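Q: Chain by chain, the residues:
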Amino acid sequence: MSILKLENVCYRYSDADKDDYVLKDISYEFDLNKMYAIKGKSGSGKTTLLSLISGLEKCEEGNIYFENKNLKNMDLDKYRNTNIGIVFQSFNLLPHLTAIENIILSMDIGKIKETDKRKKAIELLKNVGLNEEKGNRRVLKLSGGEQQRVAIARSLSYNPKLILADEPTGNLDKDTENDILDIFRRLSHEDKKCIIIVTHSDNVANNVDIVFDLKRFNNKI
Amino acid sequence: MYILKNAYLSIIRNKGRNILIGIIILVIACASSVTIAIKNSANSLIQSYEQQYEIKGTLQINRDSLINNFDPNSQDKTESKKEMIEQFNNIENLTIEDIEDYGNSEYVKNYYYTNSIGLNSSNIETATSTQPENSNQQPNNIKKPDNNFEQNQVNSTDFTLTGYSSYEAMEDFINGSYTITDGEVSNDFKSNNCVINSELATLNNLKVGDTITLINPNDETKTYDLTISGIFTENENSSDNRMDMFSKSANTIITNTNFVNTITAEDSTLINNLNPTFIIKDKDSIEKFETELKSKGLSEYLTLSTNLEQVESATDSISNVATFATTFLIITLVIGSIVLFILNMINVRERKYEIGVLRTIGMKKSTLTLQFITELLIVTIIFLIIGTGIGALISVPTANMLLENEINSSQEAIQNVNENFGGNMMPGNNKGRFEKNEIINGIANVEQIDSINAIVDFKVLFELLGIGIALTLISSLASMISIQRFSPLTILKERS
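Chains as they are written, first to last, in this note's numbering: chain H, 1 to 221; chain Y, 1 to 496.
In case anyone wonders, no lab produced these hints; they're calculated from the structure.
The structure presented is a predicted model; accordingly, all values stated were derived computationally and were not measured.
Where is the CB? At the ideal position from N, CA and C, for every residue including glycine.
One or more hints might be untrue.
What the hints assert, rightly or not - Here are the simulated SDA-like cross-link-like pairs (lysine to any residue), alpha carbons at most 25 Å apart as the crow flies:
id, chain 1, residue 1, chain 2, residue 2
1, Y, K493, H, S42
2, Y, K364, H, E60
3, H, K117, Y, K5
4, H, K5, H, D77
5, Y, K493, H, D213
6, Y, K364, H, M74
7, Y, K364, Y, I481
8, H, K120, Y, L4
9, Y, K222, Y, I373
10, H, K111, Y, I373
11, H, K120, Y, S10
12, H, K5, H, D75
13, H, K78, Y, S10
14, H, K58, Y, K5
15, H, K111, Y, M1
16, H, K113, H, K192
17, Y, K281, Y, T114
18, H, K58, Y, Q484
19, Y, K5, H, E133
20, Y, K281, Y, D98
21, Y, K283, Y, I19
22, Y, K493, H, C10
23, H, K58, H, P95
24, H, K78, Y, K5
As the list claims (entries may be wrong) - If you want the footprint, here are the derived chain H segments under chain Y, 3+ residues with CB under 8 Å:
id, region
25, 73–81
26, 84–95
27, 108–114
Sequences and hints are given; from them, build the entire structure.
A: As C-alpha cells, this is what we get:
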C-alpha cells in the first residue's frame with residue numbers, strides 16, 4: 001500500500017538559473033512494510049529530496065502526497081511531529097539533555113498522550129538496544145552508534161508510519177552500521193513501517209528491499 | 001507545560017548569561033523604583049505647593065479701565081481728571097450679600113472675607129505719637145463717596161475694628177505677622193470677643209478678660225462692648241513704617257465679622273471696607289469665575305486679581321524634577337532594552353543549533369518563540385522582584401531627602417500657626433486649631449514617608465511589571481525575528 005507518492009516533483013535553489021533544477025519531474029510511490037535506499041552521486045539531490053519529503057523544504061513544482069494528502073495542504077510542523085520520523089547523519093540530538101529527555105521532548109512536541117513518558121522512552125531505547133543506564137546519560141557521553149540509536153528511538157516516539165534517514169550510518173563503523181540496519185529492517189518488516197534511507201553506502205543499498213536510483217528517475221538536463 | 005519545563009532547564013543550563021541578564025534587569029528595576037519614587041515625591045511636592053499656593057482671587061480696582069477714561073489730549077485736563085475721580089467715587093461698595101452671591105459659585109472652593117470699620121472709644125486711649133489734645137478728632141464719619149477707606153479711617157477715627165469671617169481669613173496670624181502673647185483668638189465667631197495689640201494693652205493697662213467700649217463715630221449714644229480674649233504683638237518686620245512710634249496694628253481691634261456686620265447693619269452710614277478672598281477651584285476656573293462675576297453684576301471698574309503667576313512659578317522647578325525623573329526612566333529603559341536585545345541576539349546565535357533541531361522535529365515557530373520569551377520572562381520577574389525590593393529600600397530615604405526641607409517647614413509652619421493663634425498650644429502637643437492633615441492657607445502639608453508602601457504601592461508594582469513585560473518583549477524581538485528567519489535545514493547543514 002502506497003504511503004508516499006511523488007508526482008512530478010521539481011526543485012531548484014532560489015538563487016539558481018531558471019532551468020537549473022536539482023530535481024526534475026520525479027514521480028514515485030513508496031509503500032509501507034518496505035525499506036528503500038535512495039542512491040546517487042554527491043550533489044544529485046538525495047538530501048534535497050528527503051528534505052522535500054520531510055517538509056523541511058517546499059516543493060516548487062509537482063506534488064508530494066502522504067496518505068493521499070498533499071503536503072501543500074498540510075501543517076508541516078504537525079506532519080513532522082506526528083507522521084514521520086527523521087534520522088540524520090549527525091544525529092541532531094540536544095546535547096544538554098539525556099537520551100531519555102530527548103525522547104520525552106519529542107513526545108511533548110508531538111503532544112503524545114502517554115501517562116508515563118519516561119517508561120515509554122526507556123522501552124523505545126530498549127527496542128534499539130540501549131538500557132536505562134545509557135538512557136540517563138547526556139547524549140554527548142554516548143558513542144556515535146549509541147547516539148544514532150537514540151535518534152532512531154526519538155523518531156519512533158510518536159510511532160510514525162514513515163521514517164526518513166539521511167546517511168544514518170555515515171559516521172559509524174561497519175558493525176554498528178549493520179546493527180542500525182537491523183533495527184530499520186525490523187521496523188519495516190515487523191512494525192510495518194516505510195523506511196527511506198539516503199545513502200552512499202553499498203552495504204546499506206544491499207540490505208534494503210528497494211534501491212531508488214535518483215539518476216534513473218531524475219529528468220534534469 | 002513542557003515549555004515551562006524546557007525554559008527552566010535552559011535557564012539552569014545557561015546560568016552565566018541569565019545571571020548577567022538578571023543583573024541588568026536588577027539595575028533597571030532599582031533605577032526605575034528610585035526614579036518612580038522621585039517622580040512620586042515631586043508630584044507630592046507639587047501637590048503641597050498647590051495647597052500652599054491655592055489660587056486665591058481678590059477683587060480690586062480696575063485701574064486700566066479707569067485710566068482709559070482720562071483723555072491726556074483733552075483741552076481741559078482738569079475736567080477729564082475730575083470725571084475720572086467721579087467715576088472712581090461712584091463705584092458701588094461691595095456688600096456682604098454680594099460676597100455671598102459671588103462665593104456661591106461652582107468655581108469657588110471656599111471664600112472668606114474681612115469687614116473693617118472705624119470706631120472711637122470712651123475708655124481707652126489710642127496708641128499715637130501725636131499729643132493728646134491734637135488727637136481729639138471729631139467724629140466725621142458720614143459716608144463719603146471714597147473707597148480709600150484705610151487712609152480716611154485712620155485720620156477720622158481712633159480705632160479700626162476688623163472682623164474676620166474665619167481662621168483662614170486671618171492671614172496676618174497665619175503668616176506670622178501677628179502672634180498671640182497672652183490669651184487666644186476666640187474660636188467662637190459669633191461672640192463679642194476681641195484681640196488687641198500689646199502696645200494698646202500696655203498703654204491702657206488692659207489684660208485678657210477686660211472689656212473695652214467702642215463708640216459709633218456718627219452717634220455717640222451707640223456703644224459696643226468687647227471682651228479681650230487675647231493680646232497679640234506685631235512682628236517688627238511686618239510693619240510698613242518702621243519709623244513710627246507704634247506698630248501699624250496698634251489701634252486695630254480684631255474680632256469676628258458677625259460682630260462688625262451687626263454694627264454696620266444698624267448704621268448704614270458707617271463706612272465699612274469689605275475684602276473678600278475666593279479660593280478658586282483650579283486654573284481653568286479663573287476665567288469662568290470672572291465671567292460669572294460680571295454676570296452677577298460686578299462693577300466694570302472692579303476686577304478679579306489672582307495669584308496664579310506665583311502658583312505656577314512655585315511648581316515649575318518641581319515639575320522639572322518630575323520631568324527629569326521621567327526622562328531618566330526612559331533613558332534607563334531604552335539603554336536597558338538595547339543591552340538586553342544584544343544579549344538575546346547573542347543568546348539566539350549560540351542556540352541556533354537547538355532551534356534547528358527543535359524545528360526539525362516539529363516544534364512550531366510560535367511555540368519556540370514562546371519558550372524563549374518564557375525563559376526571559378522568568379529571569380525578568382525574579383530579578384525584577386529583587387530589584388524592586390532593593391529599589392524600594394533605597395527609595396524611602398531618597399524620597400525623604402527630597403522632601404526633607406518641605407516636611408520640616410510644613411511641620412514647623414503648622415506648629416507656628418497654632419502658636420500664633422494662642423490657646424492650649426503646648427510644645428509637643430499637636431492639638432491646635434489646625435490639625436496635621438488640615439490644609440491651611442499658605443502652609444504646605446507634607447508628611448514623612450516612613451514605609452516602603454508609601455513609595456512602592458500596587459500602582460508602582462503594576463508599572464514595574466509593565467516595564468518588565470515590555471523589556472522582555474522588546475529584548476525577545478531578537479529571538480522572535482531569528483526564529484522566523486532561520487531555516488532549520490540551513491542551521492543543521494551549517495552545523496554538519
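Q: Give a verdict on every hint.
A: Checked hints:
Among the hinted pairs, K493(Y) with S42(H) is consistent with the structure: their alpha-carbon atoms are about 15 Å apart, no more than 25 Å. Distance restraint check for K364(Y) and E60(H): the Cα-Cα separation of roughly 22 Å lies within the 25 Å cut-off, and the hinted pair is therefore satisfied. Taking the CA atoms of K117(H) and K5(Y), the gap is about 14 Å. The hint holds against a cut of 25 Å. About 19 Å separates the Cα atoms of K5(H) and D77(H), which keeps this hinted pair within 25 Å; it holds.
Taken as a hint, the K493(Y) and D213(H) pair is honoured in the structure, with Cα atoms around 23 Å apart against an allowance of 25 Å. Annotation: proposed proximity of K364(Y) to M74(H) holds, straight-line Cα distance about 14 Å (limit 25 Å). Distance restraint check for K364(Y) and I481(Y): the Cα-Cα separation of roughly 14 Å lies within the 25 Å cut-off, and the hinted pair is therefore satisfied. Of the pairs offered as hints, the one joining K120(H) and L4(Y) holds, with about 22 Å between alpha carbons and a cut-off of 25 Å not exceeded.
Among the hinted pairs, K222(Y) with I373(Y) is inconsistent with the structure: their alpha-carbon atoms are about 89 Å apart, more than 25 Å. About 21 Å separates the Cα atoms of K111(H) and I373(Y), which keeps this hinted pair within 25 Å; it holds. In summary, the hint linking K120(H) to S10(Y) is supported, as the alpha carbons are separated by about 24 Å, within the 25 Å threshold. For the suggested pair K5(H) and D75(H), the alpha carbons sit about 18 Å apart, so the restraint of at most 25 Å is met.
The suggested pairing of K78(H) with S10(Y) holds, with an alpha-carbon distance near 24 Å, which does not exceed 25 Å. Note on K58(H) and K5(Y): the hinted pairing is violated, with a Cα-Cα distance of about 32 Å set against a maximum of 25 Å. Between K111(H) and M1(Y) the alpha-carbon distance is near 11 Å, which keeps this suggested pair within the 25 Å criterion. A hinted pair counts as satisfied when its Cα atoms are at most 25 Å apart, and K113(H) with K192(H) qualifies at roughly 22 Å.
Restraint check for K281(Y) and T114(Y): satisfied, since their Cα atoms lie roughly 21 Å apart, inside the 25 Å limit. Under the criterion of a C-alpha separation no larger than 25 Å, the hint pairing K58(H) with Q484(Y) is consistent with the structure, at around 16 Å. Distance check on the hinted pair: K5(Y) and E133(H) sit about 22 Å apart at the alpha-carbon level, within 25 Å; holds. For a cut-off of 25 Å, the pair hint linking K281(Y) to D98(Y) stands: about 19 Å separates their Cα positions.
Between K283(Y) and I19(Y), the direct Cα distance comes to roughly 51 Å. Violation of the 25 Å bound is thereby established for this hinted pair. Distance hint between K493(Y) and C10(H) is fulfilled; the C-alpha atoms sit about 21 Å from each other, no more than 25 Å. Between K58(H) and P95(H), the direct Cα distance comes to roughly 29 Å. Violation of the 25 Å bound is thereby established for this hinted pair. Taking the CA atoms of K78(H) and K5(Y), the gap is near 21 Å; set against the 25 Å cutoff, the hint holds.
A count of 5 residues in the region 73–81 of chain H with a Cβ less than 8 Å from any Cβ of chain Y is obtained; the coverage claim is therefore met, three being the minimum. For the region 84–95 of chain H, the stated coverage by chain Y holds: 7 residues have a C-beta nearer than 8 Å to a C-beta of that chain, and at least 3 were required. Requiring three or more residues with a Cβ within less than 8 Å of a Cβ of chain Y, the coverage given for the region 108–114 of chain H holds, as 3 such residues are present.
Hints 9, 14, 21 and 23 from the earlier list are contradicted by this structure; the remaining hints agree with it.
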